[in-house]
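**Student:** In case you want the letters, here they are:
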Amino acid sequence: MAKVLMKGNEAIAEAAIRAGCRHYFGYPITPQTEIAAYMAKRMPKIGGTFLQAESEISAINMVYGVASAGRRAMTSSSSPGVSLKQEGISYLAGSDLPALIVNVQRGGPGLGGIQPSQSDYFQATKGGGHGDYHLIVLAPASVQEMADLTVKAFDLADKYRMPSMLLADGTIGQMMEPVELPEETDGSGVEKPWAVTGTENKREHNIINSLYLVPEQLEVKNLERYERYKIVEQNEVMYEEYMTEDADICVVAFGIAARVSKNAITAAREKGIKAGLIRPITLWPFPTEAIAKAAEKVKGFISVELSMGQMIDDIKLAEGCKKPVALCSRVGGMIPSPEQVLAAIEKAERGEF
Amino acid sequence: MAVVFSKPKALTDAPLHYCPGCTHGIIHRLVAEAIDDLGILGRTVGVAPVGCAVMAYDYFSCDMVEAAHGRAPAVATGLKRAMPDRIIFTYQGDGDLASIGMAETVHAATRNENITVIFVNNAIYGMTGGQMAPTSLPGQVTQTSPYGRDVKTVGYPIKVCELLSALDAPYYIQRVAVNSVKHVAEAKKAIRRAFENQIEGRGFSLIEVVSSCPTNWGMTPQKALDWVESDMIPYYPLGVYRDKSKEA
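Protein sequence lines, in the order shown, are assigned to chains A and B.
Residue 456 in the numbering used here sits at position 303 of the first sequence, with consecutive numbering throughout.
Residue 154 in the numbering used here sits at position 142 of the second sequence, with consecutive numbering throughout.
The hints are simulated quantities; they were obtained by calculation from the structure and are not laboratory data.
Some hints could be false.
Said to hold, decoys possible - Sample of chain B residues facing chain A (criterion: CB under 7 Å; computed from the structure):
{"hint": "1", "residue": "Ala-26"}
{"hint": "2", "residue": "Asp-75"}
{"hint": "3", "residue": "Val-87"}
{"hint": "4", "residue": "Arg-93"}
{"hint": "5", "residue": "Met-95"}
{"hint": "6", "residue": "Pro-96"}
{"hint": "7", "residue": "Ile-112"}
{"hint": "8", "residue": "Ala-115"}
{"hint": "9", "residue": "Trp-239"}
What the hints assert, rightly or not - Anything over 10 Å on all C-beta distances counts as not near chain A; from chain B, calculated:
{"hint": "10", "residue": "Cys-74"}
{"hint": "11", "residue": "Arg-98"}
{"hint": "12", "residue": "Thr-154"}
{"hint": "13", "residue": "Thr-156"}
{"hint": "14", "residue": "Gly-160"}
{"hint": "15", "residue": "Asp-180"}
Claimed, not checked - Straight-line distance between alpha carbons at most 30 Å, and here's what the computed DSSO-like set of lysine-lysine pairs gives:
{"hint": "16", "chain 1": "B", "residue 1": "Lys-194", "chain 2": "A", "residue 2": "Lys-355"}
{"hint": "17", "chain 1": "B", "residue 1": "Lys-171", "chain 2": "A", "residue 2": "Lys-355"}
{"hint": "18", "chain 1": "A", "residue 1": "Lys-355", "chain 2": "B", "residue 2": "Lys-201"}
Glycine included, every Cβ here is placed at the ideal spot set by N, Cα and C.
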């Protein structure tokens, strides 16, 4: 299929439609508004729903309603708005409902700024709302991946009956690249006998619910959910390795930070430094084994982030604190330059972490 | 032998958890009777609130969704948009609908969302043990207004029907009560009407049911019903606040 030139945010929207999503609910916030604008144009033409909700809270609860009906639904926002959605995300997780939440991150905390950031890593990967739960978290590093991982996020959410999150950033959201759009599907690949579509007087009523007042029952629900999470961790880890075969220094970075890091690694190789990159594509489940394997042969790791050292914790857990892990980051909407990352690699090469 | 009285099909056999004298049981029954009468049980989906009626999902035999506190109209919006041919209702209390969920309520109403909202106003947070509600009366003593609701510091009760009637969009808004046989009969008609409106695609219908809470009001069931008549209804006048079928 021919490639088209698209903005990252628009690629998400078009890919969601092609994945069979016909229900989008959102609330305006920079830098993801193109998603809503695209949906506002397209959904009425294809019999879908675009609804600008009264708040982020309402938008995620509208998603909850559509997901309860067994249909593909999504909402998108940026960091402050995603904080507002956390209540609804916890309820989605607690009710075992599949849905897609897109976070095109901007700097924080508070109102923060409107420039790119990755500082919602903890929120996305460690729960975010109340209670024990996980989201499947996918981190695109190109406009092509904005499209591909949107489809993947819907598929995984349906497969495992859990919400998924596309954790992008303002850079990937705003930039234009050629993209090959995914095939169209109607999104009905997974049977949903649990959905509340009306009993038709033919079955017992279905109930979508996260309330269990008997502690023994609530514990069982949590344990069952975590058994499912184990299967996700076993089967769904995605990452890219770049020049890691002989690497002494292993950079770990996702999203826009990974693209900057690749340039730095190329520059380091030109200087004779054997640097490589592990780029997590799924942030949860995290590529723990790949990091642990790398730890056996590298001198150390560098976590390149647009945050104050969040993913670095997962790297340390993965490599069991066997090797040093340095942090190379910019925050507040700033992006590390390839020179900054190269300097961190050179420092690591000298054994300074 | 002819059956002259039976439990509606739209109710399950689960025993209700409500306190003695609580009128939620009556209101559940009225909703269930409307669903039965209109023959829509198999295509109805209900949305339960957070509050005393939180376990309504166990009591209605149609498909049910339990929503977060106050979010039922947003969840119902999602359900209705996904399944326009299904009948979607919410069942909410005063804290749920008129405090934490006010934005969801007002905006579902102003979209004239084609859903049915059953709003139970008993002027108190019952499930959490009797705190002041957005609809608690001036001077009403509750756990969190132990000296009586002081309107100077916490403001006046919210009259939901009057408030929503200020919007252009909503199709049907009525306030009823269930403290007497006559009022129950009126409430039954109103609730049925609210479902009929949705079946006909007319849009947003809200029925406020002035209700009682003997336990948290600290009254006998009979005294509580009397208080509805003497104190609640004068503050919350019964009647039809919006009926677009009468507007040409």
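**Student:** Could you grab the alpha-carbon distance between B/Lys-171 and A/Lys-355 and see if it respects the 30 Å cut-off?
**Tutor:** Not satisfied, since the Cα-Cα distance of roughly 41 Å exceeds 30 Å.
**Student:** Could you check that no beta carbon of chain A comes within 10 Å of the beta carbon of B/Thr-154?
**Tutor:** B/Thr-154 clear of chain A: closest Cβ-Cβ about 24 Å, beyond 10 Å.
**Student:** May I ask you to check that B/Gly-160 keeps its beta-carbon over 10 Å from the closest beta-carbon of chain A?
**Tutor:** Nearest chain A Cβ is 32 Å from B/Gly-160, so the label holds.
**Student:** Would the non-interface assignment of B/Arg-98 survive a Cβ cutoff of 10 Å against chain A?
**Tutor:** 5 Å, violated
**Student:** Over 10 Å from every CB of chain A: does B/Asp-180 meet that, or does the non-interface label fail?
**Tutor:** 16 Å, holds
**Student:** CA of B/Lys-194 to CA of A/Lys-355, is that 30 Å or under?
**Tutor:** Answer violated: B/Lys-194 to A/Lys-355 is near 36 Å, above 30 Å.
**Student:** Holds or violated: B/Arg-93 as interface residue toward chain A, Cβ cutoff 7 Å?
**Tutor:** Holds, because the Cβ-Cβ distance from B/Arg-93 to chain A comes to roughly 4 Å (cut-off 7 Å).
**Student:** Given B/Trp-239 was flagged as interface, is its beta-carbon under 7 Å from a beta-carbon of chain A?
**Tutor:** 30 Å, violated
**Student:** Quick check on B/Asp-75 please, does its C-beta sit within 7 Å of some C-beta on chain A?
**Tutor:** This hint holds: B/Asp-75 lies near chain A, its Cβ roughly 4 Å from the closest one there, short of 7 Å.
**Student:** Let's test the interface hint: is any C-beta of chain A closer than 7 Å to that of B/Met-95?
**Tutor:** 5 Å, holds
**Student:** Hint check: is the beta carbon of B/Ala-115 less than 7 Å from a beta carbon of chain A?
**Tutor:** 5 Å, holds
**Student:** Please confirm whether B/Thr-156 is truly not at the interface, meaning its C-beta sits more than 10 Å away from all C-beta atoms of chain A.
**Tutor:** 23 Å, holds
When each numbered hint is compared with the structure, violations occur for hints 1, 6, 7, 9, 10, 11, 16 and 17.
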